[in-house]
Amino acid sequence: MNPPRRRLHGVVAVLGSCGLLLTACAAGDLHQTPAGAVTTAPATAALTAVPAELARYYGQRPGWRACDAVPSFQCATIKVPLDYDRPQAGDITLAAIRRPATGSGAARVGSLQMNPGGPGSSAITYLLDNAGSFSPAVRAAYDLVAVDPRGVGASTVVDCATDTPASVQDPGARKADIDASAAAYAQVAAECARHAGRLLPHVGTVDAARDMDVVRAVLGDERLHYVGFSYGTYLGATYAGLFPSRVGRMVLDGAVDPALDGYAFTIEQAQGYQTAWKSFAADCATRPDCPVGHSVQEAGRTLNGLVARLDRTPLRQGKDTTVTGDSVLGAVVLGLRAPAWETLRAALAELLAGQTAAVQALLGGDEETDPGDQSYYAVSCLSSTLGTWSTVAQAQAALPEFRRVAPQFGEYYAGTLPMCTRWPVRPNQAPGRITAAGAPPVLVVGTLRDPATPYPWAQALAGQFSSGRLLTWDGDGHTAYHRGSVCIESAVDGYLTRGHLPPAGTVCL
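Numbering (the numbering used here), first residue to last: 25 to 533.
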């Protein structure tokens, strides 16, 4: 849910040159069924509710083995159908990794699947980087499991055989060039249609949720236990809507409201960053060395002036370093989302002095574009909540409203409105409330000043579920779990390990 796109950090090193158990490396190969990696068990009574044509997927027994680079984790691959409506059309491959539970007996609950967001972020990379963040009690209770969703990372990936154009690498291209932004989006769409066209209709959130149910069965769990962040909450909610009777203990942190359409989603996200900027600016104003001024109003004027100046005359330092107004806003977005206020203050101070090193570090400007980033567009454009289909004229017409609700970020986010207009596949998931009637309680976590998934979205999602419970953090930045709040950690861990929900109305300070 958060520009710019995150990259995969070393996942190839963990899974091997093309995935530890993959034998075919071409992104266009939709029949990656590695010999010996998966065996199919006979159908059993546990599969009686599964359509006969899917029983061979639900009955898999993957060949888990120690990952070469990280032997404390186990790696495997899992087959799923390219098209659930036509399983005979062929298989695709999901890459999976798990860290076995440290507990046994009564301490064991099952497997805990997770998704860090995106769409397009690698769940495998997240788990490798963050397994130690889970408490000893959670690690004792669960095998920690990460599966890269279809189209993403080490699974069968959307690879359009082209670098994402720089103007849309950060999906927040600003007004000035809504025309240029739309043209760049169209270029990505054309290349994806040419090189990944057969995969594109089948990488949506509904298909990924159905994959999660296959993984649940393959892991031997009667119910899906799950932690999802940001886009991962949309994926989890979609699963709950499809399979309410199979929901176990589900935590959705940094919630997306599935009832929003793409326009509302985008403008409310712009408002979320505006709220977060005001919080940052108010804190900065109390500091004698604040680089943007000593009131929220002065900070807004300073940021606007800096962006306008760099739009007119970008800073060029070094052979390949150019910092524009969009670069500044991209850095601010990242600093607010982390949150990394001290780093952001330093970057703004350096920029105002004509230096770019700090903002480049914040942007991660030395990272190369990963073809997997294109999965962001492929997944988003299949959802009417995540994807936006405005024409250039409609996007231009929306600018006044975007500027009104978000003076610092409105133009930046209005530039995303044509993102899917030329995408070759129409959405297959409409906006709508998800009640998940019959599911056990789902714990929704919201942060009051979350810029990327504004707090009202968490309120909305918790209210939609027939058994939702909202847990609130009075904090800043994107998501709450594993952000340092003892109150949040205790409440979420208590739910995951013992099934105890926090009291209704709980607000953690």
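Calculated directly from the structure, the hints in this document are not laboratory data.
A few of these clues could be false.
What follows is a set of in silico ranges between Cβ atoms, one per label pair, in the way DEER data are often shown [to be verified]:
1) Val416 - His524: 45 to 53 Å
2) Ala377 - Asp307: 15 to 23 Å
3) Ala73 - Val416: 45 to 53 Å
4) Pro464 - Ala210: 15 to 23 Å
5) His318 - Gln420: 29 to 37 Å
The calculated EDC-like cross-link candidates involving lysine to aspartate or glutamate, where the alpha carbons are at most 20 Å apart (straight line), are [to be verified]:
6) Lys302 - Asp285
7) Lys302 - Asp498
8) Lys302 - Asp203
Fair warning: this is a prediction, and the values are worked out from it, not measured in the lab.
Using N, Cα and C, we set each Cβ at its ideal position, and we do this for glycine too.
Here is how each hint holds up against the structure:
1. Val416 - His524: 45 to 53 Å: Given a distance of about 52 Å, which is inside 45 to 53 Å, the answer is holds.
2. Ala377 - Asp307: 15 to 23 Å: Holds, since Ala377 and Asp307 (Cβ atoms, about 21 Å apart) stay within the stated range.
3. Ala73 - Val416: 45 to 53 Å: About 48 Å separates the Cβ atoms of Ala73 and Val416, which means 45 to 53 Å holds.
4. Pro464 - Ala210: 15 to 23 Å: violated, 45 Å
5. His318 - Gln420: 29 to 37 Å: holds, 36 Å
6. Lys302 - Asp285: Not OK: Lys302 and Asp285 at ~26 Å, beyond 20 Å, violated.
7. Lys302 - Asp498: holds, 15 Å
8. Lys302 - Asp203: Distance ~30 Å between Lys302 and Asp203 Cα, so the pair is violated.
Hint violations for this structure: numbers 4, 6 and 8, all remaining hints satisfied.
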